Amino acid sequence: MKNIHKSFGAVHAVRDVSFSVGEAEIHGLLGENGAGKSTLMNILGGILRQDSGQIYIDGEEHSHLTPVKASRLGIRFIHQELNLVNDLKVYENLFLNNEIVKSGIHLNRKEMIRRSREVFERMNLDIDPTVFVRELDTSRKQLVEIARALLFECRLIIMDEPTTALTNEEIDNLFTIMRGLRDEGISCIYISHKMPELFEICDKYTVMRDGAYIASGNFADINEQQATEMLVGRNIDDDVFDKTDCVQDEVVFEAENLSCEGYFSNVSFKLRKGEIIAFTGLFGDGRGELSECLFGARKATDGVIRLNGDELNTKSIASVIRSGVSMVPRNRKERSIIKDMNIRDNISMAYFTSRHKGIHISPKKEYRRYEENRKATNIKAAGPDHLITSLSGGNQQKVIFSRWFGLDSDVYILDNPTQGIDVGAKFEIYQLITRLVDQGKSVIVFSSEFPEIHKIADRCIVMYKGEINKEFTRKELDEVEVMYYATGSNKRS
Amino acid sequence: GGQDDDAKFMAVIMPSATHGFLGESIKHAENATKKLAEENGYSYQFLTSDDIVKQSNQIDTVVARGADVVVLWPFNGDELKSAAQTILDADIPLIVYDRLISNFNQTAELPGDNDTIGEEMGNYFNDYFKSELAAGPVNILEFKGDNSSVPMQRSNGFWSTADSNFVVVNEFVTNWSKDTAQIQMETFLSSNTKAQVESIQGIFTHDAEVAAGVLAALEGYDGAYDLNVKLVSGVSASREILGLYDHYQAQGIDQVMFSFSPAMVVDAIQLGIDVLNGKEVSGRYLVETEMVDNSNYKEFMKGPVYSLRYSIY
Amino acid sequence: MSTSLELSMNKKSKGFDFKRFIINHNYILSLILMLLIGRIASDQFLSFPSLMNLMRSSVFIGIIALGMSLVIISGNIDLSVGSILALSAAIGVVVFNTTQNMLLTLVMCMFLGALMGFFNGIFVGVAKVASFIVTLATLTAFRSITIQFGDGGPQIVNHEIYFDTLRKLGYGKLGPFPYLVLIFVGITCAVWYLMNRTKFGRYVYAVGSNEKAARLTGIKVEYIKVMIFTITGLLTGIAAFLYIARFGSVDVATAGKGFELDVIAAVAIGGTSMAGGRGFIQGSFFGAIILFAIDAILSAFQVPAFVTDFIKGVLILGAVLLQKALDRNAE
Amino acid sequence: MSTSLELSMNKKSKGFDFKRFIINHNYILSLILMLLIGRIASDQFLSFPSLMNLMRSSVFIGIIALGMSLVIISGNIDLSVGSILALSAAIGVVVFNTTQNMLLTLVMCMFLGALMGFFNGIFVGVAKVASFIVTLATLTAFRSITIQFGDGGPQIVNHEIYFDTLRKLGYGKLGPFPYLVLIFVGITCAVWYLMNRTKFGRYVYAVGSNEKAARLTGIKVEYIKVMIFTITGLLTGIAAFLYIARFGSVDVATAGKGFELDVIAAVAIGGTSMAGGRGFIQGSFFGAIILFAIDAILSAFQVPAFVTDFIKGVLILGAVLLQKALDRNAE
Ligand SMILES: Nc1ncnc2c1ncn2[C@@H]1O[C@H](COP(=O)(O)OP(=O)(O)OP(=O)(O)O)[C@@H](O)[C@H]1O
Ligand SMILES: Nc1ncnc2c1ncn2[C@@H]1O[C@H](COP(=O)(O)OP(=O)(O)OP(=O)(O)O)[C@@H](O)[C@H]1O
Ligand SMILES: [Mg+2]
Ligand SMILES: [Mg+2]
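So the sequences go chain by chain: B, X, F and L.
Counting with the working numbering, you get residues 1004 to 1496 for the letters of the first sequence.
Counting with the working numbering, you get residues 873 to 1185 for the letters of the second sequence.
Counting with the working numbering, you get residues 674 to 1004 for the letters of the third sequence.
Counting with the working numbering, you get residues 674 to 1004 for the letters of the fourth sequence.
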């Protein structure tokens, strides 16, 4: 790709970027949120048309790509967001728009199912190709998405943050496959915000910042520190994170024998004032449902939740919020963003449902609330009246944080709070979280990223198959140990 | 037509074509308005609408434009009363056609005589089934047009004269549609008990199209029971239904239609022109209805009512 | 990152954005266009009384369209409004004939409308049946009750009393302004306030935009949906009362029949997205007026009877296409 | 990981899941229920000829419902089908009277239907206007053209020729099976094949379930939408031809009026989700039959005319609620 330019209205998303991938190489593409990585790849995948610049494939110019042309040229694209059709079966999704047909029109389902099975076997996965995609979990959906790329003959696979929803084991599986592909001469472009992954799997790197090309080279020649500096453009000392211990003795929030049939059972824990507890585990451990139960978004079948000693009224989410529990849900796009609303209203929404008295809304107060929150969480936005969808991912997440921080709750439940946001934004969010506990709030984080847990948690609870398997204090935390209990290895022997 | 500002100005306001009868009436009215107004050198406005809100707006508009006469076919007589009052309040002569506005001082009215149609039909049924009625109850079916005032009047008229020995086994609302009536009849024949199906001797409908649907269903019946329907009635002696009189008589089914010609609206337009010509117009002009059965349909087809109706097609 | 943000900030002009305004509120453009076209046909078209007439005829569709906007913004549809109007009005007539009390009649119409709306709301919000199907069924069922109630015949307000009371409301004016128009404007302002300056309004937008997210911020989505349909019913009840005032009788079979299509067309012309989440109350106000302006134009141009509906269909499509075209241009 | 996987696999039973089947295909339950209720009223109800008659009545609504399923599965709606039927049939009559050629008439009806559907499809798929609005406008516009074409009066097939040709098709039987029923079943199978065994069918589901994902796999979403509406128009054209065959005349003002509501009700009763993405063609087939079974029951019980609509509304709601209830139980 040579001298690629692309603008969206006022935003110059990609500026004069040149980029090349050789044969049999895994090429890491790095950059902050909004650096233009996905845009550049969308151009290569034929989804977007560049404003100017050329694309060469095997030395031949192919500058007017469409998704169909790109796939004919052997380019496969795993998109950043899941792009599966929930109401079709797994194999139908895999072959969507590439169906195998008999005698011109008749779908050859047997063959498609057979080949789907083959590809799952190759990926070391146990997914039944004849179930509906809607019945799969996020992580398996992501794996189906990956399988779709592996199904056909190809030369180059673009993977745009393929591992955000995957567990470590699944990631290892993926890497094994990628290495296998490389040995067959197939190349990969790999986009991720997770440094360790990049260093593990990629041969070459290219860094983008603000839509511009910064540098490229071999991963062997740099370390994580250098890479981070390149992509941020300034110096972040990642490891020195001043987490002060401000845990007090008073128990604020308590779950006793909490169960939700089919998902988790007998979960008990006590959260103290100023404490951060992290919950972690693997796919199917029931964490997601647990977080929903704690917030009243899902009915627990058994057990009690207490807040400041009194039983929490979980009849409605509104009553939970009013009692002093807030939650930042996972999957921002699906569960948090109100896409047709401006930033100001997105921030105010939880305030309205829990704290606001009367029915009248004063725009003036809303603007003031926006201004306070913008300062507190350092949101970078053109103005309070712009749609929230005009913001970059990290800033959207900060808006969602603001929605809840303004409520002055006692307990904050954060479900996967840093999904898909870059190093810099992550850092700021960690700061926000620690500021909360400094103010005497308590926090429960649900996360599958160990570095994150390591940075902020006072205690870490590891779940396995819907039960608490092990609890670590901050001092005992160790990635290998956590994995040991998360996989339930202790129960096997 | 007719933008000549000095010329006298006639407004004709009608409902839009919701069923066949109205469709034909609009055609006649539009033709007559154009022809008569141009012959006499008047300007005119011809308006249709599909609900009373729009119709009353049209009234406001023509009153504001300073109409010299308004010919109004109200959507529903009573619902338009209030709006029609504004015409009289503006001292504009008003001719009301077809629908009755109760307690109202219009210049002239030509109400469709739906009560009489119903009454005559009741009498005809009494005569036709004289011997059967003497023997006991006679079972019939009723197919209504819709639920508005016109079919109400036809029904009420019928039951005011019909013998008390007539029993309605079932009634249907057809929305003036032939296909609906036919399917309803077929469904009746195939879903009711033998006793009920075989007991039906007469069918009273509100419209020729509806009657045609019922007859088609009877003709097409191939079930196991014996049908005993002898008489089917309707309103509006249309070319199509008259063409089938012999066809069905051969199958043992008689028909009786009460003529109600869509061309009669022309009379109302003529009255409007008369007003503009300075003639004295007032009072009530009943729209004539004629009984047409197997005995007289051929003469009817030679008569003036019939030929006027089909003069423009 | 900071530089790219600044970049994007520079391009978004602050303060009043005229182009954006016209794109969002293009119904104003459509209205002006219609009025100008009408002016060509008749010099009377733009006169004040003529405009008042136009607005007065759009009152019924318009008031219901205000409610329908809530329904559509929340991602639903209500096909039963015509039948709700008929039943409320039919019973309203009986109440008025019995009590001769206008206020009581109004209250009764509003109550009945709200009750029927509530019924729709329960099925949509709580039983979670698609609103299209629920209101398709109640469209039929409410009408059937109305006809049964009126025994098939029209319900007529007592003649003498009508002319002394209700008709004054339906035809009277305050200075140059018909009462009906003033009421319409008043209710529009009230609903505008509800949707733009109260929590409830925000919830309606939120539910229409992202129901799951709305639920997770503590909004009681079921309750909001029930409320939306109830409010629409209530507004339809008010329209029913004004209907009695203006027409003095209610034909149980035809009153309000097909209103739902006009109402939805008005909302769409007013720029509310059929997909939910976006829309302006004032748009529906103007949408209703545009709809009747189309009728008025067709009258003014003396379009042949059978062709009017054709042109009307084309103009509705045109108004919505204009919106789309402007919207696309903006990108 | 393997252990946690087993956990989740256990919950999904393999092989034929009867409960799931009943939940998905609960329209079968509804139909059986209706037929049993009908049997109480009349011994004729479950007889073979009576069932055939039921099916024959549902042919027109049913064939259009097959097309409407595609439209609804793709996340759209088509309100104009009744008007498409009327115009195709009206012109069809003229073609037949002129040529006396049944095949040519059929082809003409299909062509006209497809053309009008194509027109809808262009506005929905390419101009991207909400289908509700497009087809609301064309509902009015096509009807207007029809009335203009027929000059307000009915279009009638030449009497003598009708009896020798078209009527044989409309009333005739092959053994015990009416031709119309056989055609209906045949077309249902064809559309079922299209939706379940061809690429096109997969694309329709994909567009309705996740349009963006469909677009990213390279599916030409605009083209699919145009096709969907065209096919619906084509099927409506076939229904128009059968309409001529069965009724021998077309009243330009009333033919097909209000069909859209019956058709959509049939599709909903058949279990197709109004939100798009999910639905079964065979469901719409049975949905249409259920709708007419309701009429037949009301007829058999001799329910008074004014009340039938009420009960019909309640039963439609009931059928859809049954679906919901079963669906919820499953979770
Ligand atoms: N369709 C679009 N319309 C307008 N702006 C867009 C669009 N897509 C991307 N952008 C903007 O272009 C810039 C680059 O976005 P892009 O998605 O390529 O970033 P990215 O590097 O993939 O970030 P992330 O790590 O968050 O995925 C951002 O400022 C984004 O807001
Ligand atoms: N917002 C998210 N970001 C990244 N991964 C996610 C997100 N939400 C869910 N996942 C992943 O998707 C899978 C299914 O999540 P879900 O919450 O439904 O299951 P769970 O039983 O709670 O297990 P887990 O807590 O491990 O996700 C898990 O692998 C989880 O890690
Ligand atoms: Mg990206
Ligand atoms: Mg992103």
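Treat the hints with care, since some could be wrong.
[Unchecked claim] Cross-link-like lysine-lysine pairs, in silico, DSSO-like; alpha carbons within 27 Å at most: (1) F:Lys841 x B:Lys1368; (2) L:Lys841 x B:Lys1072; (3) B:Lys1342 x F:Lys841; (4) F:Lys930 x F:Lys841; (5) B:Lys1458 x B:Lys1302; (6) B:Lys1342 x F:Lys872; (7) B:Lys1478 x B:Lys1458; (8) L:Lys801 x B:Lys1342; (9) F:Lys893 x L:Lys997; (10) B:Lys1367 x F:Lys930; (11) L:Lys841 x B:Lys1342; (12) X:Lys1174 x X:Lys907; (13) B:Lys1318 x B:Lys1302; (14) B:Lys1144 x L:Lys692; (15) L:Lys801 x X:Lys1102; (16) B:Lys1276 x B:Lys1318; (17) B:Lys1368 x F:Lys893; (18) B:Lys1336 x L:Lys692; (19) F:Lys893 x F:Lys872; (20) B:Lys1105 x B:Lys1072; (21) L:Lys872 x B:Lys1072; (22) B:Lys1318 x F:Lys872; (23) B:Lys1360 x F:Lys893.
It is worth saying that the hints were derived from the structure and are not from the lab.
None of the values given here were measured: they were computed from a predicted structure.
Results for each hint:
Between Lys841 of chain F and Lys1368 of chain B the alpha-carbon distance is near 44 Å, which puts this suggested pair outside the 27 Å criterion. For a cut-off of 27 Å, the pair hint linking Lys841 of chain L to Lys1072 of chain B is broken: about 53 Å separates their Cα positions. Of the pairs offered as hints, the one joining Lys1342 of chain B and Lys841 of chain F is violated, with about 47 Å between alpha carbons and a cut-off of 27 Å exceeded. Proximity of Lys930 of chain F to Lys841 of chain F is assessed by CA-CA distance (about 25 Å); at most 27 Å being required, the pair is judged to hold.
A hinted pair counts as satisfied when its Cα atoms are at most 27 Å apart, and Lys1458 of chain B with Lys1302 of chain B does not qualify at roughly 32 Å. Distance restraint check for Lys1342 of chain B and Lys872 of chain F: the Cα-Cα separation of roughly 18 Å lies within the 27 Å cut-off, and the hinted pair is therefore satisfied. Between Lys1478 of chain B and Lys1458 of chain B, the direct Cα distance comes to roughly 12 Å. Compliance with the 27 Å bound is thereby established for this hinted pair. Taking the CA atoms of Lys801 of chain L and Lys1342 of chain B, the gap is about 20 Å. The hint holds against a cut of 27 Å.
Our distance criterion of 27 Å between C-alpha atoms is met by Lys893 of chain F and Lys997 of chain L, whose separation comes to about 21 Å. The hinted pair formed by Lys1367 of chain B and Lys930 of chain F fails the criterion: a straight-line CA distance of about 44 Å is larger than 27 Å. Annotation: proposed proximity of Lys841 of chain L to Lys1342 of chain B is violated, straight-line Cα distance about 58 Å (limit 27 Å). Taken as a hint, the Lys1174 of chain X and Lys907 of chain X pair is honoured in the structure, with Cα atoms around 25 Å apart against an allowance of 27 Å.
Taking the CA atoms of Lys1318 of chain B and Lys1302 of chain B, the gap is near 9 Å; set against the 27 Å cutoff, the hint holds. At roughly 26 Å between alpha-carbon atoms, Lys1144 of chain B and Lys692 of chain L fall within 27 Å of each other, so this suggested pair holds. Restraint check for Lys801 of chain L and Lys1102 of chain X: the C-alpha separation of about 57 Å exceeds 27 Å, so the hint is violated. Of the pairs offered as hints, the one joining Lys1276 of chain B and Lys1318 of chain B holds, with about 24 Å between alpha carbons and a cut-off of 27 Å not exceeded.
Taken as a hint, the Lys1368 of chain B and Lys893 of chain F pair is honoured in the structure, with Cα atoms around 24 Å apart against an allowance of 27 Å. Distance hint between Lys1336 of chain B and Lys692 of chain L is unfulfilled; the C-alpha atoms sit about 34 Å from each other, more than 27 Å. The hinted pair formed by Lys893 of chain F and Lys872 of chain F meets the criterion: a straight-line CA distance of about 12 Å does not exceed 27 Å. Pair hint Lys1105 of chain B plus Lys1072 of chain B holds up; C-alpha atoms about 23 Å apart against a cutoff of 27 Å.
For the given pair, Lys872 of chain L sits about 19 Å from Lys1072 of chain B by alpha-carbon distance, which is consistent with the 27 Å threshold. Proximity of Lys1318 of chain B to Lys872 of chain F is assessed by CA-CA distance (about 21 Å); at most 27 Å being required, the pair is judged to hold. For the suggested pair Lys1360 of chain B and Lys893 of chain F, the alpha carbons sit about 17 Å apart, so the restraint of at most 27 Å is met.
Of the numbered hints stated above, those contradicted by the structure are hints 1, 2, 3, 5, 10, 11, 15, 18, listed in ascending order.
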